[in-house]
Amino acid sequence: MTEAATQMLALYSIGVVSVLIAGFYCVMTTHNLIRAVIGVEILAKSVTLLLIVAGHLVGQLALAQALVITLIVIEVAVVVVAVGVVLCIHQHTKSIDSTSIRNIKG
Amino acid sequence: MISALDILLLAAMVAASVFTVMTARLLWSVLSLASTSAFLTMIMFKLNAPLAGVFELSVCAGLIPAIFISTIGLTQRLSPEALAQRRKDKLKRFFFLPVIIVLTGLVMSQVPLAVDFAMPAPAVGQDVQTVLWNSRTIDLLGQIVVLLAGAFGVAVLIKGSKND
Amino acid sequence: MFALLILVPLAGLILMNLPIGAALKRLAFPLALALTVAQSLLIACPAGVAWLGGGTLDHYFNFSLGIDGLSRVLLLSVGIVVFTTLLVGRAMLVGPRRQFNFVSLMLLAMIGMNGTVMLSDLFSLYVFIEITSVSSFILIALTRGRDSLEGAFKYIILSAVATIMMLASVAVLLMVAGGTSFEVIAAALKNSPHSLIARIGMGAFVCALFIKGGLVPFHGWLPAAYSAAPAPVSIFLAGIATKASGIYALVRLATYVFPQSPAVNNVLMLVGAASIIIGAVAAVSQSDIKRLLAYSSISQVGYIILALGCGSPLAVAGAIFHLFNHAIFKSLLFVSSAAVEQRTGTTDMAQLGGLGSRMPVTSATSAIAALSTAGIPPLAGFWSKLIIIVALWQAGFHAYAVIAIGMSVLTLAYLLVMHRKVFFGNVGEALAQTREASWGLLVPAVVLAAITIGLGVAMPYVVNTFILPISRIL
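Note that the protein sequences, when read in sequence, are chains H, R and D. In case it helps, the working numbering puts the first sequence at residues 1 to 106. In case it helps, the working numbering puts the second sequence at residues 1 to 164. In case it helps, the working numbering puts the third sequence at residues 1 to 474.
This is chain H alone, in the form it adopts within the complex (with noise of 0.2 Å):
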C-alpha cells in the first residue's frame, strides 16, 4: 500500500513542480499581460492535479473531485474579472505590451 503510493507520489510531484515552475516562469518573465493571466492558469493546472493525485493516492477522491469543481468555478470568476482588467488597460494605452506594469513584483 505505502509502497505503490510513494511511487506514484514520486511520479506525480515531478510532473506538478515542472508545471508549477513551467506557470511562475511565465508569470515572473512576461511582458504581456494576456499571457500573465495564462501563466495564472498554468499554476491553477498544476495545482488541480495535485488535488486529485493527493485525492487518489488516500483514497479520498470524492472529496477531492468536490474540491476541484469549486475550484474550477472560483478560476473562472479570476480569469474573468483579470481579462476584463486587461481589456480596460488595452482601452487605456492601446497595448497589452505594457513595461510600465512589467515589474509586477513593485
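These are calculated hints, taken from the structure and not from any lab test. Computed from a predicted structure; not experimentally measured. Warning: the hint list may mix true and false statements.
What the hints assert, rightly or not - Estimated spans, in silico, between C-beta atoms of each pair:
1) D:G53 with R:A123: 26 to 32 Å
2) R:W133 with D:A50: 52 to 58 Å
3) R:A121 with D:G203: 24 to 30 Å
4) R:G73 with D:V284: 45 to 51 Å
5) D:T465 with R:Q110: 16 to 22 Å
6) D:R97 with R:W133: 52 to 58 Å
Where a beta carbon is used, it is the ideal one built from N, C-alpha and C, also for glycine.
Got chain H; can you put chains R and D on it based on the hints?
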C-alpha cells in the same frame, strides 16, 4: 501501480504547458493551454475522477480558452515582422525553461518525495454529489457568491466601459 | 444561526439586483449601512452573539460555522470598517451606477470576510478569501483610471500566486490528513510531527498568507494597490480586507491548527520584525499620503505578526487587540486622506499645507489616529503595543522588544511630519478656499476617533471582557 500510460499522459501535459509558455503566438499559447487541460482531463479519468474531469474539459478546455481568444481578438494586432522579432526575444528569454524543468525532474527522480506520514484511513462509499451537497454546502454557497462577483466584474469593467 | 451573517447580505444583494424597479436600487445604500450597524451591535454585545449561536439554521444547511473571541474581534472590525467605507464611498463616488456597483461589491466582500472568520475548514477558507479578493480586484479598478487598473492587475497576479500556494498546501494537507477541516488537520499534524511533506504544506500556506497580508518580503503589491485605489476602497483595503483574509488566517492557523514549533515562531518573528522596520523606514521617505499610510500599514501588521510569533497567550491576545486597533486607526487615517483628497483633489504632501484651520475636525481626528498608531497613552493603540512589548520582554525576546519600541518612535516621527505638512503652517493661495469635508466623511471620522479614545480610556473593562478570555482559551 504506475503504467506507461500514466507517464505518457503526464509527460504530454508537462510538454503542453511548456509549449504554452514558450510559443510566440498568443493564439497557439491559448490552444496549447486548452490541450494541457485536455491531458489533465485524461489523467483525471485515469485516476478515477471522471466528474472533475468532465468539469475540467468543459470549463478549462472550453470556456476559458474561448474567453482568452475573444480577448486576443479585441486587443492583438501584430505585423509579421513584429512577430519574428518577438519569436527571437522569446527564444532568448525562455530558453532556460525546458532546461530547468528537465533538471528539476532529474533531481526529483533521484531524491523522490516519500510518504513520510501516517496514511489516513480512506473514505469508502462516498460519491461526489453526496459530498458536495452534504458536507461542502458552504463551498457551493461560496461558488454562487464568487460567480456573482464575476458578474459584477463584467458589469463594472466590460459593460461599464461601453457606456462611457 | 451564524449563517445569517453570510445569508442576509447575500439575500439583500440578490434582492437589490432583481429587475423589479429602481426603488430597491435606491434603497441599496441605506440597507447596506443598516446591515453593517446591525452586525457591529450584534457582535459587540454578548447577548447578540448568544442569539446568533442559537437556532438550527446552520445545522439545516450543514454549515460548520463558529464564533470565538478571535472571530468576534474580526466581525466587529468588519462591521465598523465597512460602515465607514460605505459612507465615504457615498460621499466621494460619482454617478448612481457606480455607487450601486460599489455598494454591491462591498456587500460581496463583507460576505467573504464574514465567512472567512467563522469557518473551520481549510478549503472553505480559501473559497471565502477568494471572494474577498475578487471583490477587492473589482473595487480597486472601479473608477477605471489607468493607475488603479495597473494596481488591480498587479494585485490580481500576486494574489493568484498566493492562491496557488494555498491550494497546493490544501492538497498536501489533504494527503496527510485525509480531510480539510481544521480539527482533522490539527490531529494529523500532531500524529506526523516529522513529516517533510506536512512541513512543505504548512510552509506554503504561511507563505501564501504573507503575500495576502502584504508582509516583507512580499509587500511590493501593497503600496501600489492601496494608493491607486479610489479613496473609499483604500480605507476598505487597509482597514480590513487584507487583515480579514491574510492576517486573520495566519493568526487562526498558527494558534489553533498548526503545531507550535520554535522554527515556525522564529520565521514569524523575523518576518514581523522585518516588516516593522522596512515599512517604517520606507514610510519616512514618502511624499504621498496614501503611500505613506500604506507603508505604515505594513509596519503595523508587522507588530501583529511579531507578537503572534512570540506565541505566549498574552502576546497573541495583544496581537488580536492590535489587529482591531489597526482596523480602527488605519481606517481613520485613510478617511482623513480621503477628506483631504475630496477638498483639495490631491494627496501629494508637497502641494498641501495649513489645512488645519480650514478643516478643524479632520485635522483633530487625524491627529488622534496618528497618536494612536504611534502608541501614545491613553489612546487604544498604546495599550495594544504595550501588551505586545511586555509579552515580548517576558518571553525573553529583548532584542525584538527594543525594535518594537524604537520603531514606535519612528512611527510617531513620520506621522507627525505628515500631520505638520498637511495641516500646519500657512495656507497657500490655491487652498485658501478649502472647506471642511462633507458629513459623509466627518461622521465616520468622529465615530472612529470616539472608538479609539473610548477603548483607551475604558481599558480595564476591555482587558477583562476581551483580552483575558482570548488569552485564557489559548
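Verification of the supplied hints:
1. For the pair G53 (chain D) and A123 (chain R), the beta carbons lie near 30 Å from each other, so the given range of 26 to 32 Å is met.
2. Taking 52 to 58 Å as the suggested C-beta distance range, the pair W133 (chain R) and A50 (chain D) does not conform, at roughly 30 Å.
3. Under the hint 24 to 30 Å, the C-beta atoms of A121 (chain R) and G203 (chain D), about 26 Å apart, fit the expected range.
4. At about 48 Å, the beta-carbon gap between G73 (chain R) and V284 (chain D) stays in the expected band of 45 to 51 Å.
5. Separated by about 58 Å at the C-beta atoms, T465 (chain D) and Q110 (chain R) break the suggested range of 16 to 22 Å.
6. A beta carbon spacing of about 37 Å between R97 (chain D) and W133 (chain R) contradicts the range 52 to 58 Å that was offered as a hint.
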